[in-house]
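**Student:** Now for the letters of each chain:
2 protein chains.
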Amino acid sequence: MTTIKKVKWKPGTMIYPIPVAMVSCGTSVKDANIITIAWTGTMSSNPPYCYIGVRKSRYSYDIIRKTGEFVINLTSTKLVRAADWCGVKSGRDHAKFKEMKLTPTPSSAVAAPMILESPISIECRVKQMLELGSHDVFIAEVLAIHADERYLDKKTGALHLSKAGLVAYSHGQYYELGRNLGKFGFSVKKKK
Amino acid sequence: MTTIKKVKWKPGTMIYPIPVAMVSCGTSVKDANIITIAWTGTMSSNPPYCYIGVRKSRYSYDIIRKTGEFVINLTSTKLVRAADWCGVKSGRDHAKFKEMKLTPTPSSAVAAPMILESPISIECRVKQMLELGSHDVFIAEVLAIHADERYLDKKTGALHLSKAGLVAYSHGQYYELGRNLGKFGFSVKKKK
Numbered sequence: 000m001t002t003i004k005k006v007k008w009k010p011g012t013m014i015y016p017i018p019v020a021m022v023s024c025g026t027s028v029k030d031a032n033i034i035t036i037a038w039t040g041t042m043s044s045n046p047p048y049c050y051i052g053v054r055k056s057r058y059s060y061d062i063i064r065k066t067g068e069f070v071i072n073l074t075s076t077k078l079v080r081a082a083d084w085c086g087v088k089s090g091r092d093h094a095k096f097k098e099m100k101l102t103p104t105p106s107s108a109v110a111a112p113m114i115l116e117s118p119i120s121i122e123c124r125v126k127q128m129l130e131l132g133s134h135d136v137f138i139a140e141v142l143a144i145h146a147d148e149r150y151l152d153k154k155t156g157a158l159h160l161s162k163a164g165l166v167a168y169s170h171g172q173y174y175e176l177g178r179n180l181g182k183f184g185f186s187v188k189k190k191k
Numbered sequence: 000m001t002t003i004k005k006v007k008w009k010p011g012t013m014i015y016p017i018p019v020a021m022v023s024c025g026t027s028v029k030d031a032n033i034i035t036i037a038w039t040g041t042m043s044s045n046p047p048y049c050y051i052g053v054r055k056s057r058y059s060y061d062i063i064r065k066t067g068e069f070v071i072n073l074t075s076t077k078l079v080r081a082a083d084w085c086g087v088k089s090g091r092d093h094a095k096f097k098e099m100k101l102t103p104t105p106s107s108a109v110a111a112p113m114i115l116e117s118p119i120s121i122e123c124r125v126k127q128m129l130e131l132g133s134h135d136v137f138i139a140e141v142l143a144i145h146a147d148e149r150y151l152d153k154k155t156g157a158l159h160l161s162k163a164g165l166v167a168y169s170h171g172q173y174y175e176l177g178r179n180l181g182k183f184g185f186s187v188k189k190k191k
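Protein sequence lines, in the order shown, are assigned to chains A and B. Using numbering that gives the first Met the number 0, the final residue of the first sequence is 191, and nothing's skipped along the way. Using numbering that gives the first Met the number 0, the final residue of the second sequence is 191, and nothing's skipped along the way.
For the record, the hints were derived by calculation from the structure and aren't laboratory data. Don't take every hint at face value.
Same chains, same label: a pair holds when it works inside one copy or across any pair of copies.
With a straight-line cut-off of 20 Å between C-alpha atoms, the simulated DMTMM-like cross-links for lysine to aspartate or glutamate are [what the hints assert, rightly or not]:
{"no.": "1", "residue 1": "Lys162", "residue 2": "Glu175"}
{"no.": "2", "residue 1": "Lys7", "residue 2": "Asp152"}
{"no.": "3", "residue 1": "Lys4", "residue 2": "Asp152"}
{"no.": "4", "residue 1": "Lys7", "residue 2": "Glu140"}
{"no.": "5", "residue 1": "Lys4", "residue 2": "Glu148"}
{"no.": "6", "residue 1": "Lys9", "residue 2": "Asp152"}
{"no.": "7", "residue 1": "Lys9", "residue 2": "Glu148"}
Keep in mind it's a predicted model, so treat the numbers as computed, not measured.
Let the hints inform the model, and build the full structure from the sequences given.
**Tutor:** Right, dumping it as structure tokens:
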């Protein structure tokens, strides 16, 4: 029997691993910006609601506040360098799409363009805002999703997201997803 | 040059990979329950705010609503079977701690016990509730964190979370974290 000892820490942000969201915003492909966000997630399934937490000081904050729209583009291993760079640099000083050789592409339900190179783009419209301290939270409804057709099964239409090479972020580090540990519900599945 | 084609989908919940939170709740180690939650994340850094999205029908919903407290326990590879089971089964029918051989342990700031076997336990007090549809969202302040001392550097006190073997959830599947792709800021770090 292992004796486990837990040590108390000061409060902080320790929910990991989390997604790496390249959030695109703006009114057209010409003025589009990208901000990389770790404080994001799904809040409700039906209707689908999600959120992003953004500091007021960020260049994208005013854009999203004004337009009430953004697109969450998931980060693949191929995009991790651009995602990191878009999280560190500011759209005040850089044309991020151009400098990262990414392609702003018109969305279907919002004016904010999506990132063509991202495997999954999620169009969002802000429904509510919360001021919680360092970050303001934009709560948004998901209006549409666009998936790279390479990850869709041509026969069934099923999405094979595992092929997209999504990146997780945990305590300051980016990771590939590793070994598959099972499918939701595996613990109660009867063995054949 | 690769030609990328994106295919439009119906709106849904597609922000991945995400954490696997074993949320413990209750008023003491005697009546503690566990619900596994995927709709969770950090909302703001300072003060640290997080959330969980819970269906009204879940057994833990009324407990958290009444007590205004819960603990987010992160899932390691050793805990993934218990996490899956606690997400499928109901505390109405099962003594989850006992059946999964987990140890409810008193927290420091809330009455809800933590799961001793989890590498990281995050004590939370609800500050606000949102009704968004299928899930209600409990927005909570992080009051304290407890880390398994095996993952703390004895000299520096630094947390080596990568040793904890955290589990990610993506589109219905559980995964280990895989290859490290770099540290936050790596894209702008000058080479020595």
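**Student:** Determine for every hint whether it applies to the structure shown.
**Tutor:** How the hints compare with the structure:
In this homomeric assembly, Lys162 and Glu175 come within 20 Å of each other (Cα to Cα) both inside a single copy, at 12 Å, and across copies, at 15 Å. In this assembly of identical chains, Lys7 and Asp152 lie within 20 Å of each other by CA distance solely across copies; the values are 14 Å between and 47 Å within a copy. In the homo-oligomer, the alpha carbons of Lys4 and Asp152 lie at most 20 Å apart only across protomers (14 Å), although the nearest pairing inside one protomer, at 47 Å, exceeds that limit. When the C-alpha separation of Lys7 and Glu140 is checked against a cutoff of 20 Å, the pair qualifies only between copies, where the shortest distance is 16 Å, while the shortest distance within a copy is 37 Å.
Proximity of Lys4 and Glu148 under a CA criterion of 20 Å is satisfied inter-copy only: 6 Å between copies versus 48 Å inside one chain copy. Taking identical chains as interchangeable, the C-alpha atoms of Lys9 and Asp152 lie at most 20 Å apart only when they sit on different chains, with a minimum of 16 Å there against 47 Å within one chain. Only between protomers do Lys9 and Glu148 lie at most 20 Å apart by alpha-carbon distance; the minimum there is 14 Å, versus 45 Å within a single protomer.
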